[in-house]
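> One letter stands for each residue in the lines below.
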Amino acid sequence: MINFPILSLITFLPIIGMMIILFIPKRQSLFIKSFTIIITAIQLALAIFLLSNYNFSLAGINDIKSFQFVEKFRWIEIDGFAWLGKIKIDYLLGVDGLSVPMILLTTIITFIASISSWTIDKSIKGYFLMFLLLDTGMIGVFVALDFFLFYIFWELMLLPMYFLIGIWGGPRREYAAIKFFLYTLLGSVLILLVMIGLYFSSMETLADGTRVFTFNMLELMNPTNYTQNGILSPLNPANLRLIAFIGLFIGFAIKIPMFPFHTWLPDAHVEAPTAISVILAGVLLKMGTYGILRISYPIFPDITKDLLWWIALFGAINIIYGALTAMAQKDFKKLIAYSSVSHMGYVMLGMAALNTLGISGAILQMFNHGTITAMLFLLVGVIYDRAHLRDIEGFGGLGKQMPIYTGFTTVAFFAAIGLPGLSGFISEALVFLGGFGNNSIRIIAIVSTLGILLGAGYMLWTLQRVFLGNLPEKWNQLTDVDTREYIMFIPLVLIIIFLGVYPSPMLNLMNSSVNAIVDVVEKSGLFLKSIGSL
Amino acid sequence: MTVGLTHFLVVSTLLFSMGLYAIITRKNAILVLMGIELILNSANINFVAFSRFGNFGYSGHLVALFVIVLAAAEAAIALAIVLNIYKNMSTVNVDEIDNLRD
Amino acid sequence: MYESTLINLSLFILLLPLLGFVVTLLLGKKVKSVFIFENLIIILTFFSSVYLLYSKLANFRTTKISSELEWFGFNNFITGTKLSINLGFMIDNITAIMLFVVALISMLVHLYSIEYMKGDERYNRYFAYLGIFTFSMNGIVLTNNILMMYIFWELVGLSSYLLIGFWFEKKTAADAGKKAFIVNRIGDIGMFAGILILFLTYQTFSFDKIFSSISSGVLPFNSDFWLTVTGILLFCGAIGKSAQFPLHVWLPDAMEGPTPVSALIHAATMVAAGVYLVVRIFGLLTADAMLFIGVIGMISAFIPATIALTQNDIKKVLAYSTVSQLGYMIMALGVGAYQFAFFHLVTHAFFKAALFLGSGSVIHAMHHEQDIRKMGGLRNKMPLTYWTFVISSLAISGIPLTSGFLSKDGIIASSMAFANLTGHYLFPIFSLVVALLTAFYMFRLIILTFHGEPRDIHKFEHAHESPFLMVMPLVLLAGLSIFIWYTPNPLNSEQGWILSKWIEKPTVFTPERSRFDFMKSSSDEENNIKQSYLDAEVYKEAMHSAHYPAMILSELMAILGILFAFIVYQWKKINADSIADKIKPLYNFSLNKWYFDEIYNKTFVAFTIGLSKVLAWFDAKIIDGMVNGSAFLTKHFSFFIGNFDKYVIDGIVNFTAYFNGFIGLLVRRIQTGKVQSYLALVIFSLVILLFIFK
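Protein sequences appear in the order of chains P, H and S.
Sequence positions in the first sequence follow the numbering used here and run 836 to 1369.
Sequence positions in the second sequence follow the numbering used here and run 113 to 214.
Sequence positions in the third sequence follow the numbering used here and run 275 to 968.
For the record, the hints were derived by calculation from the structure and aren't laboratory data.
One thing to keep in mind: the hints can contain errors.
Estimated spans, in silico, between C-beta atoms of each pair [as the list claims (entries may be wrong)]:
1) P:K1140 with S:F918: 22 to 28 angstroms
2) S:F918 with P:E1009: 26 to 32 angstroms
3) S:L301 with P:I1332: 57 to 63 angstroms
4) S:K304 with P:S892: 57 to 63 angstroms
5) P:F839 with S:I915: 24 to 30 angstroms
As a list, the in silico EDC-like pairs of lysine to aspartate or glutamate whose alpha-carbon atoms are at most 16 angstroms apart [what the hints assert, rightly or not]:
6) S:K909 with S:D924
7) P:K1235 with S:E395
8) S:K445 with P:E1228
9) P:K1358 with P:D1141
10) S:K303 with P:D1166
11) S:K733 with S:D855
12) S:K733 with S:E811
13) P:K1309 with P:D1226
14) S:K948 with H:D207
15) P:K1235 with S:E443
16) P:K1235 with S:D394
17) S:K948 with H:E149
18) S:K794 with S:E768
19) S:K948 with H:E208
20) S:K356 with S:E344
21) S:K779 with S:E811
22) S:K303 with S:E395
23) S:K648 with S:D587
24) S:K338 with S:E778
25) S:K887 with P:D1166
From the three backbone atoms N, C-alpha and C, an ideal C-beta is built for every residue, glycine too.
Bound-form chain P, shown alone:
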């Protein structure tokens, strides 16, 4: 076992790096850049070290004992206020099979994004400060087990993102940044409301026997902790749990983004600098689905079970609507943004299946989409750096001019349309197998298979318009992939191929936790019963 607080280290390492960068003079830009890359590389190494010490058989989810690398201490403690009781907030970190893949994904994507940030040339110091702050926020979301802490990290990530889009973005960056910020803030408000509601509904028993209100997610999942007339307690006759679930769900759905809350995504993607698009698509979108699996499912298992059909329906809408909308896009980045909408639909469909296959598929799809879309955005970034154009119709015949670049793009595109042998296939197949295995959403799963046809349609059409055909005169100066870009692409390609050929390690990693999630929600009847016996 690891004897030092690895989770805190991995979370706050970027903050330490940020402190150091603060003291570096502005003109040392080369040092700032390479220092950031080193920080993210150490973080990645830590994540791999964490994985190598991770015990695959422990489940986590709602049992603190089976979480790993847990760090817990009292963070905020206020004794005052008679009507509030004591306020006790824990600093509680821990990982299970749901968060480890996400941590891996985040560290990989951040590392590659930091390499991709090499081309930033406008107020470099500020950029990398924000970048590292964002990094901490992202990792924090995936390791926090206290709702309050989770929320803080959730918000922490919002602010640097706003500046990264708003300062280093494209021509309409202010609009996009404000839209992103306000939209996600709306979601955060909903989450905050539910969080407070939950706080006043559930009491944790401390070691000395006193009962206090709690933000601890694992205590919130324990049905016996609910108070008699807590606002979100199932015992409360004015049952607000459905509304709370929907509120929380919308809060997370905005991040996914789920139709009809998705329109911030294309704007943010189009305007954000390449590295930020990569992080946005690769990591931030996963937080929505991660939040649902981590918080909504186990805390509201009773409601979740009733609403699975709706989750699946919105998943299917995302898949088909996103694909069709992507087909009509003229802007390369926007097209990929909409393809993200479509691909995140698979995650929702898999979650709604609520069986081992479906949820494994969903989590795997989160990981795969993270790597594949990251690669797609990097690719668009590469061509934008050279041609300063994102209009699909403006290209053509690049296959002749940039064969290696074309090769990488082809791999990424085919991974995105679920070609067997590449990672996208496994997760999509699992999602469909899972979805089809669930009686109530079977039809939706079948309809969603249309998505794989439409996906092939728009991806191949784009491939043709950009890379095939004749090379326009003006593009015959474009150079092929350089060394730095090789370093970004090759790890991603290797991951995509490896998980396509041999997904077993990743699936084993999450297997226990997936079982636990399914178990928690499936047994929501017992959940209610155990409350009834209070």
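Fit chains H and S to the known structure of chain P by using the hints.
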């Protein structure tokens, strides 16, 4: 004709009115102080007159004596004030001393 | 010789071309001669598959060898069960033969391409693509489960996409590649849905396990109907891959790829994968599903045959004839002629590959001229190409002494037997009509290309016989189109080793009630439940009585077709153009391929694109409009609130202050600062008070 209470009161009233008139109309602060003395003395007359004609014993006389003492003290303090006003403003004309307005 | 040796050997055969692909692709830019490596790999693959075929037939002729390993699995800790997704091989005789066919044609195409593709700027990459194709095709052939088949199914789709669009500078080629992939995906969705049903029902993908569950009575959703649906859905994959009606439109377009690719992928092997799939799932097809398959096959045999009559592109004619022949095979499976279908797959692979490579030879000689109206008279200039072309054409027309006769005649006879047994007479009628059409258009092609006078003198003069590496495959493949390799008796294939010994007879696992009558196991055979329906007396009898009529009729048709072609094009007794003029609408209908492309473009494609545009508009204007609208409303509402605050709320506050100030202004007058006036005021007030309160 015997001198009765009424006569005393008429005299004191005249004295009071003259004092009041002096206080309101005189410009010189010293004269105003003198007006005040007149009023105090008219009050003394009243006290003594009521004491003589009423059934009050010697209380009236006693109060009159107090008033005289008071008037002396008052005159001393007031003159000191006037002296200070003159020091500061080089005038004892009460019309010109309107600092209170602000 | 152990079974495990064969499994290892097949693993070797599978992975070798993958190695070739990776090495050739990665080194292609730097090492100019890396294509030699790929060719050596494929030759090694070929000899391994020959060895595999030999050892399978010699040592394990009646056993089915299979082996599988877990790919990934899911433990369920709650129920304590484990769900495994497996990868595995299954080698029976069909596998071994198919593997041999694929490896042989792939090798010949590789060698042929060395000459044909010479000078291409992406020479090495071409060979790399051939490598990944061979790998994926071997995967389809070797697999023992439907998921793995689907995986390799998609991978051949990829290699087909890459190879069709190999000359991607041409828009038509890029379009054709995309079209092939997408049209195939339509079929694949059906296949995938079928796989979903199978997995849901049986929790496994393995053919054998599924079959044994079916025979023990486990059905999807417990109904025969859903078993039929499953069969049809799986068959959808074959509709796409084997270019069956209504998804046949991609194959003629796929001729944009290099001609050797057309020979390998779009004639001999990949398109036959659909047939191979149906062969593999034959055991779960109910009578209804078979009928559906038969009808699709019949339509797909007929429509392209009529289109091929009028096409002028040498490769397009061959492409339509491929669809038509694949339709034959599919129809054969539908009517229960399992062995003949696979047999025809094999023979067709050889003679169609020969035809395509022959056409490639012609195209090569004519400097990439594909229009037969500009050819003619090449017979003397390219004798080897000519004769191999003729032999293959005779084979496809089903003339005795050729392999095509054996398999095609068998199919026609089976369809007759089927008609006699079940009353579906359309099958034999259509198959005879198609036989007539096939013979006609093939000889039209030969006559226009090789006979008569050259119509483009300039190109004709430069034409020459192709080099050895291109001719050798032609000769070899044409040689394989002779009967002698399959049976000693040129008129009866059933006596040959390929049917009686090599190709296993099918076993049907569907419930008795959902089979054709003739496929039901008769009661007196209960002790011999394993016996195939092909050996049942009733079927044998029907075949026997259909044998001679079928042979005579089909020969009649073939000879009529050839004769007619000679009359019209060689001897010019009838003017082709005047016939075309007389039946102008029909002619145009055929020339324009029954307007399938136009209809699809106007309906499905237009609908999808239109819908996508509408949705994009909806997204940008309505959904995003609502977001922006709410932002706009909020902004203006806040502006309003701001003004309200500024003028009303703050106004009240300011007014209070102002009012007080005003009062103060009024009252300040009496504040003179003069002691005397204060005193006067006090006294005056006192007097007034006195009067008030007196």
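> If a hint holds in the structure, say so; if it doesn't, say that too.
Here is what the structure says about each hint:
Taking the beta carbon of each, K1140 (chain P) and F918 (chain S) are about 47 angstroms apart, not inside 22 to 28 angstroms as hinted. Our hint of 26 to 32 angstroms for F918 (chain S) and E1009 (chain P) holds, since their Cβ atoms are close to 28 angstroms apart. Checked against the hint of 57 to 63 angstroms, the pair L301 (chain S) and I1332 (chain P) fails, with Cβ atoms roughly 18 angstroms apart. At roughly 47 angstroms, the beta-carbon separation of K304 (chain S) and S892 (chain P) lies outside the given 57 to 63 angstroms, and the hint is violated.
Between F839 (chain P) and I915 (chain S) the Cβ separation comes to about 53 angstroms, which falls outside the hinted range of 24 to 30 angstroms. Pair hint K909 (chain S) plus D924 (chain S) does not hold up; C-alpha atoms about 21 angstroms apart against a cutoff of 16 angstroms. Restraint check: the Cα-Cα separation between K1235 (chain P) and E395 (chain S) comes to about 10 angstroms, which is no more than 16 angstroms; the hinted pair holds. With a C-alpha separation of about 14 angstroms, the suggested pair K445 (chain S) and E1228 (chain P) falls inside the 16 angstroms cut-off, and the hint holds.
A hinted pair counts as satisfied when its Cα atoms are at most 16 angstroms apart, and K1358 (chain P) with D1141 (chain P) qualifies at roughly 13 angstroms. Distance restraint check for K303 (chain S) and D1166 (chain P): the Cα-Cα separation of roughly 32 angstroms exceeds the 16 angstroms cut-off, and the hinted pair is therefore not satisfied. Under the criterion of a C-alpha separation no larger than 16 angstroms, the hint pairing K733 (chain S) with D855 (chain S) is inconsistent with the structure, at around 30 angstroms. Between K733 (chain S) and E811 (chain S) the alpha-carbon distance is near 60 angstroms, which puts this suggested pair outside the 16 angstroms criterion.
Among the hinted pairs, K1309 (chain P) with D1226 (chain P) is consistent with the structure: their alpha-carbon atoms are about 14 angstroms apart, no more than 16 angstroms. For the proposed pair K948 (chain S) and D207 (chain H), the alpha carbon gap of about 6 angstroms is at most 16 angstroms, so the pair holds. At roughly 8 angstroms between alpha-carbon atoms, K1235 (chain P) and E443 (chain S) fall within 16 angstroms of each other, so this suggested pair holds. Pair hint K1235 (chain P) plus D394 (chain S) holds up; C-alpha atoms about 13 angstroms apart against a cutoff of 16 angstroms.
In summary, the hint linking K948 (chain S) to E149 (chain H) is not supported, as the alpha carbons are separated by about 20 angstroms, beyond the 16 angstroms threshold. Restraint check: the Cα-Cα separation between K794 (chain S) and E768 (chain S) comes to about 22 angstroms, which exceeds 16 angstroms; the hinted pair is violated. A threshold of 16 angstroms between alpha carbons decides the hint, and for K948 (chain S) with E208 (chain H) the separation of about 8 angstroms falls inside it, so the pair holds. A threshold of 16 angstroms between alpha carbons decides the hint, and for K356 (chain S) with E344 (chain S) the separation of about 11 angstroms falls inside it, so the pair holds.
Using a Cα cut-off of 16 angstroms, the hinted pair K779 (chain S) and E811 (chain S) holds, with the two alpha carbons roughly 15 angstroms apart. With a C-alpha separation of about 10 angstroms, the suggested pairing of K303 (chain S) with E395 (chain S) holds against the 16 angstroms cut-off. For the given pair, K648 (chain S) sits about 10 angstroms from D587 (chain S) by alpha-carbon distance, which is consistent with the 16 angstroms threshold. With a C-alpha separation of about 10 angstroms, the suggested pairing of K338 (chain S) with E778 (chain S) holds against the 16 angstroms cut-off.
With a C-alpha separation of about 14 angstroms, the suggested pairing of K887 (chain S) with D1166 (chain P) holds against the 16 angstroms cut-off.
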